[in-house]
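> Sequence:
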Amino acid sequence: MLEAARRVNFIQTQLRSERRRALAWAWTFGSTYSALAVAQLSALPWVEQRADRTILAVGAAFSVGGVLPLVLMPLTVIGDAPRLEAALVAKGGRADAATLALAERALCRGARSEAFGAGLVTQLGNLLVNVGLSLWIGLQYGRWLQAGINFGLGWTIGETQILTQPTRLVATWRDYRAGRLASAPVPAARRWALAPLSLRGGGGMALALTF
15 MLEAARRVNF IQTQLRSERR RALAWAWTFG STYSALAVAQ LSALPWVEQR
65 ADRTILAVGA AFSVGGVLPL VLMPLTVIGD APRLEAALVA KGGRADAATL
115 ALAERALCRG ARSEAFGAGL VTQLGNLLVN VGLSLWIGLQ YGRWLQAGIN
165 FGLGWTIGET QILTQPTRLV ATWRDYRAGR LASAPVPAAR RWALAPLSLR
215 GGGGMALALT F
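Numbering (my numbering), first residue to last: 15 to 225.
One should not assume that every hint holds.
[Stated by the list, open to error] Computed spacing ranges between beta-carbons, pair by pair:
no., residue 1, residue 2, range
1, 134, 155, 39 to 45 angstroms
2, 111, 71, 54 to 60 angstroms
3, 163, 108, 56 to 62 angstroms
4, 105, 55, 45 to 51 angstroms
5, 156, 176, 51 to 57 angstroms
6, 159, 59, 21 to 27 angstroms
7, 79, 108, 23 to 29 angstroms
FYI, nobody ran anything at the bench for these hints, they're computed from the structure.
Please read these numbers as outputs of a predicted model, since none were measured by experiment.
Ideal Cβ placement from N, Cα and C applies to all residues, glycine included.
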């Protein structure tokens, strides 16, 4: 039982820390896509040409589409971490074989979820979606400059989302299976900082956020 308690405590700590990072990441990009959708929809009444209105409406729909995976298919650690906490509370904080099995399943699921979210399939999907939308703008309306700008912005946001997605549970699960509990990644606090940003004709500030 002492070994089970040690393992459950280790997994619980890792899941709790990763859940905080996953929530911060999800809220950041959920807010980004929501703001893009609102901005495009808000511009519709001020646009005269039908082509521009159509492009804005389709762009808003794609922005909403960026929010849906975060809501419908969130990283599993977001739900699994509190479920493990609740299971431990229900047993008075005592870890047994059943609780350990639950914790290990949560860790395994979390690792697989993170690996898929940051994997090649997801990156390819991001590329194809933005290529498809940009080709539609170019072929349908002949606005290749706008198509290029749309691709650059859409692909960059999507790739940034993929590259900043939390992935610590992948290494944690690998180390756990190998019995290397002490070598698993150490949870780190989120940090933010302001830095000067040089722009043509002026300057500004950039906000850097580390999950």
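> Run through the hints listed earlier and report the numbers of any the structure violates, in increasing order.
1, 5, 7
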